[in-house]
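Protein sequences, first through last, are from chains A and B.
The number in our numbering is simply the position in the first sequence, starting from 1, with 113 added.
The number in our numbering is simply the position in the second sequence, starting from 1, with 1 added.
List time: in silico SDA-like cross-link candidates among lysine to any residue, alpha-carbon distance up to 20 angstroms:
1. A:K152 - B:T128
2. B:K168 - A:Y245
3. B:K101 - A:W194
4. B:K167 - A:E249
5. B:K167 - A:W194
6. A:K152 - B:G125
7. B:K167 - A:Y245
8. B:K167 - A:P247
9. A:K152 - B:P129
10. A:K123 - B:L175
11. A:K152 - B:R122
12. A:K152 - B:A130
13. B:K167 - A:G192
14. B:K101 - B:I41
It should be emphasised that the hints constitute simulated quantities derived from the structure, not laboratory data.
No experiment lies behind these values; they were computed from the predicted model shown.
As a plain string of letters, each chain reads:
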Amino acid sequence: MSTAPSPRAKLPPVDRVGAVVIALVIAGGIDLGAHLPQKISLAPVDLLLAASILLVAYNVVSLLRVRDRFAWRMFLRVGRWALLAYLVIAGMLEYVFVLDGTRGSTLVVLTLMLAVFAVNIPMILAYSVARYQPVEPA
Amino acid sequence: MAEAIAEVGGPGSIPARPAAEPSRDFQIIPIRGLPIVGVILVGLVAAIASNQLWALDFFHVAAGGLWTGIDLFVGLIIGPILGGMPVPARVAFSTRFMPKMLLVMPTLVVCTLAAGWQLARYVGNLTPASPNHPWLVASYIVVGVMAVIALGVLEPANLAVLFELKKPNPNGELIGRLMKRFVYSAGITGLMQVATLVIMTRVASR
Numbered sequence: 114m115s116t117a118p119s120p121r122a123k124l125p126p127v128d129r130v131g132a133v134v135i136a137l138v139i140a141g142g143i144d145l146g147a148h149l150p151q152k153i154s155l156a157p158v159d160l161l162l163a164a165s166i167l168l169v170a171y172n173v174v175s176l177l178r179v180r181d182r183f184a185w186r187m188f189l190r191v192g193r194w195a196l197l198a199y200l201v202i203a204g205m206l207e208y209v210f211v212l213d214g215t216r217g218s219t220l221v222v223l224t225l226m227l228a229v230f231a232v233n234i235p236m237i238l239a240y241s242v243a244r245y246q247p248v249e250p251a
Numbered sequence: 002m003a004e005a006i007a008e009v010g011g012p013g014s015i016p017a018r019p020a021a022e023p024s025r026d027f028q029i030i031p032i033r034g035l036p037i038v039g040v041i042l043v044g045l046v047a048a049i050a051s052n053q054l055w056a057l058d059f060f061h062v063a064a065g066g067l068w069t070g071i072d073l074f075v076g077l078i079i080g081p082i083l084g085g086m087p088v089p090a091r092v093a094f095s096t097r098f099m100p101k102m103l104l105v106m107p108t109l110v111v112c113t114l115a116a117g118w119q120l121a122r123y124v125g126n127l128t129p130a131s132p133n134h135p136w137l138v139a140s141y142i143v144v145g146v147m148a149v150i151a152l153g154v155l156e157p158a159n160l161a162v163l164f165e166l167k168k169p170n171p172n173g174e175l176i177g178r179l180m181k182r183f184v185y186s187a188g189i190t191g192l193m194q195v196a197t198l199v200i201m202t203r204v205a206s207r
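Whole structure, please, built from the sequences with the hints as guidance.
Pasting the structure below:
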């Protein structure tokens, strides 16, 4: 037996925060991409990356708080497959940058941005599906 | 892709149980297509690793052309046709069409971007001294806006609709509401695709 899905108002805005994270990561990627292969100050990208990591952490914490009002089984089911797909995509992009000789702190920042990208999007996808699914009994 | 779903109907237009109920026995991700995606990605890695101009050009132009073409064709041709079809037919079409799009579009996007970056490096467009560099930066911004819309709005709603359609009693109001998002976002991505065509033809002509 399952219960009706939780009303939207009771769930945190994971999808909206996640969209902001995508925008931050992409803005950082554009800044890096526009200057590569030159050496540039990474400060603006670092700021964007730090903000995106904080927002992803906020999403994780706020989701964990709604423990019993959320379809976790569906969330994990969708999330793990989406994570696999986005790890492949992020890995492909990382491969291109490494092959092109990106090294040092630029590569570290780039890798972290791709990691945020690969975690954030599956979380949005899984949340978007699970929020409309019936909540399984504990 | 976006409008195909968007045109399925407004809020409440899909009854809880349509008269001619379409099959709910569909795969959200078509498993049979995964090996094809795998082969394409292996080919992409080979093209990038070998750094051959033709191979990079092929992956970037073929995948980019298909990406832009499919977006415009589905949005401008398929979408309006779907809008004139009976609701059960629209749902039946979407349950067959959208799962395939979930495989096709991300594959085209990753091929276009990865091969495109390597191609730009190969022909020297990445260096800020290149006359094409400002156009490339413009293309990053265009792709960036499209990515935020596609990954943050369209894809999550697509997936949610497909899972809703698999339920024994799909919520028509919810499906209509999710599909409404596409109407607004599809217009923006359509404009972005036209901008991509302008930028890429400009870069290729210099």
